[in-house]
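Number of protein chains: 2
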Amino acid sequence: MGKIVDVKFLVKEYDYEKPFHIANNISTSSTNVEVQIVLDNGLVGYGEAAPSYRVNGERVETFPSLEPFVKEQLIGMDVRNYKRIFDIMDGLRCASSLKAAVQFAALDAISVESGLPVHQLLGGAKDEIETDKTVSIDTIENMVKDAKEIYDSGFRVIKIKVGENLKKDIETLEAIAEVTKEAKYIVDANTGYTPKEAIAFAKALYSKGIDIDVFEQPVPAESIEGLKLVRFNSPFPVAADESARTRYDVLRLIREEAVDFVNIKLMKSGISDALAIVEMANTAKIQLMIGCMGESSVGINQSVQFALGTGAFVFHDLDSHLMLKEEQFRGKFKQDGPKMIVR
Amino acid sequence: MGKIVDVKFLVKEYDYEKPFHIANNISTSSTNVEVQIVLDNGLVGYGEAAPSYRVNGERVETFPSLEPFVKEQLIGMDVRNYKRIFDIMDGLRCASSLKAAVQFAALDAISVESGLPVHQLLGGAKDEIETDKTVSIDTIENMVKDAKEIYDSGFRVIKIKVGENLKKDIETLEAIAEVTKEAKYIVDANTGYTPKEAIAFAKALYSKGIDIDVFEQPVPAESIEGLKLVRFNSPFPVAADESARTRYDVLRLIREEAVDFVNIKLMKSGISDALAIVEMANTAKIQLMIGCMGESSVGINQSVQFALGTGAFVFHDLDSHLMLKEEQFRGKFKQDGPKMIVR
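Protein chains in written order, with the working numbering: chain G, -3 to 339; chain L, -3 to 339.
Just so you know, the hints here were simulated from the structure itself, not pulled from any lab data.
Keep in mind that a hint or two might mislead.
The list cannot tell twin chains apart, which means a pair is met if one copy fits it or any two copies do.
Calculated cross-link-like contacts (lysine-lysine; reagent style BS3-like; alpha-carbon spacing at most 27 Å) [what the hints assert, rightly or not]:
hint, residue 1, residue 2
1, K281, K224
2, K(-1), K328
3, K335, K(-1)
4, K14, K164
Input sequences plus hints: build the corresponding full structure.
Spelled out as structure tokens, the structure:
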């Protein structure tokens, strides 16, 4: 019972509905790896890696060559001893999205075998969460149009990508705020500003009466002092994303009092580090949001289950599957507009 | 399925085989509260509170009066959403052993319902752990006799209580080391020394060639600077026990670099804070041991399952059930001398 007899890696490419443009990066598709853990009774646990070279330094073309190593480690194990699988995958530090996929596939396998859904295996804190949707970088006119469409289709939290052009970014925010009055805004510079640009951006919006709920990763990943400078000179909560990949990154951010928020992404941290970050942030009273890379519904399901189980997040930025072309929805939850539900 | 229909508190008194004497405290019995969470299908999850007035400030005679409150909160809930039960019990800050018992009873109920043992619900990191056994304060002659008996009956880690008389404590350690050559020692002063006494004690043993594996809570609980002073002036790893009750205590110890070890006890922290402390300590590379108050085998089972599941502990000090008179062993593990096994 629970014995792992096979582990499979399946490379799958998903196209974006339209090019996804963030500061200094444009994607037209996401090449992901689906992980299947097969048990002796034939039941299968599913996970998905949506790699990021920009954030994690990992190259997806290396993943198939890791299949024999992971197989050799996992075959014969009792999947219910998942902490041992977590520990093995913690070693694969240069394939963190693959670590996430294998770790989640283990939990999913336990879940199908025991009848306890993953969100309850992780605590069952919530039955429902609500995601934002993202406006990627484009002309001001197109960004305003996208924001209005998102708002009109029922989303109440809008994520807006900035960080390439300070003056245009301020104008964009002003124009979006004009047509989406009741929305909450997560503004993400994806490391694009200097600390002083970030402070100028925040102060300009504040002086125009625009409220930002989270100001995400304004400065380069390595600039912890920069994050702290923005935090202590901005009226808006500052979040670390690219600066917060591992549990060790977050302990340092806590020690240095550098941020108000951390954006957890399973693709950066895996389940193991994400669980540690939740506990550390809850203790240090740092707020949390959860984000994604280019996951399909298989990968987004991982973050939905994690968010429902731990109940740890103020904001959920789990919209990649809404932007990718996919033949079939495969999440183990119901999507109803912005809502993700397991009741 | 999984619906809670009743919660019962049963007060039970267990006598020690012989009086248990630690620095400035002697116990002849432990008055515990057994918690039963009853599900709609008749299955029952068990937990146990072994309160400590000295460490937690909690009074066991108040616990029965909390039964209606806990009942009112829990009845009707799906036990599988255990994080919600954890959060409710986190509010009972002046009944931390009761918090532990109810939180564990929830996990135990999920376990009997899903067939997934609690140690696997928590990760299944290990199949087997080994406990120490404790020599309580007595005459040097009796302490040496106890230590030799413990060693001869197969235990390889001996915990020795000190902290009332520096000179006698040093002599005791010397005499014990003489007759238990290969043993490892955890020396616990239970807050009994001043920082300077603690340093003098450690240096005296070191100069006599006696090695201590953990020097537990040498100084008063509130003296974080004292712990740090001992840590940086002792050749032995220093552990916080009475100083480390909540996740917030441990975050402070980490920030202040005050200790090498933390002694987690479920009776101080409950399952919720214990899980957070494991993640924080693992991240900060602080070592962990797990200890107990006056639990019977029902309560010790909680810590055994927790230790096996998380695999987080270098030392296990889970011997109270070996010192209490109990009609029947009720742990969900096998006890074989010092070994606790679930294989």
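Here is what the structure says about each hint:
1. For a Cα distance limit of 27 Å, the shortest separation of K281 from K224 qualifies both inside one copy, at 16 Å, and across copies, at 25 Å.
2. When the C-alpha separation of K(-1) and K328 is checked against a cutoff of 27 Å, the pair qualifies both within a copy, at 23 Å, and between copies, at 22 Å.
3. In the homo-oligomer, the alpha carbons of K335 and K(-1) lie at most 27 Å apart only across protomers (25 Å), although the nearest pairing inside one protomer, at 35 Å, exceeds that limit.
4. Taking the closest pair of Cα atoms, K14 and K164 come within 27 Å of each other only inside a single copy of the chain (22 Å); across copies the shortest separation is 78 Å, beyond that limit.
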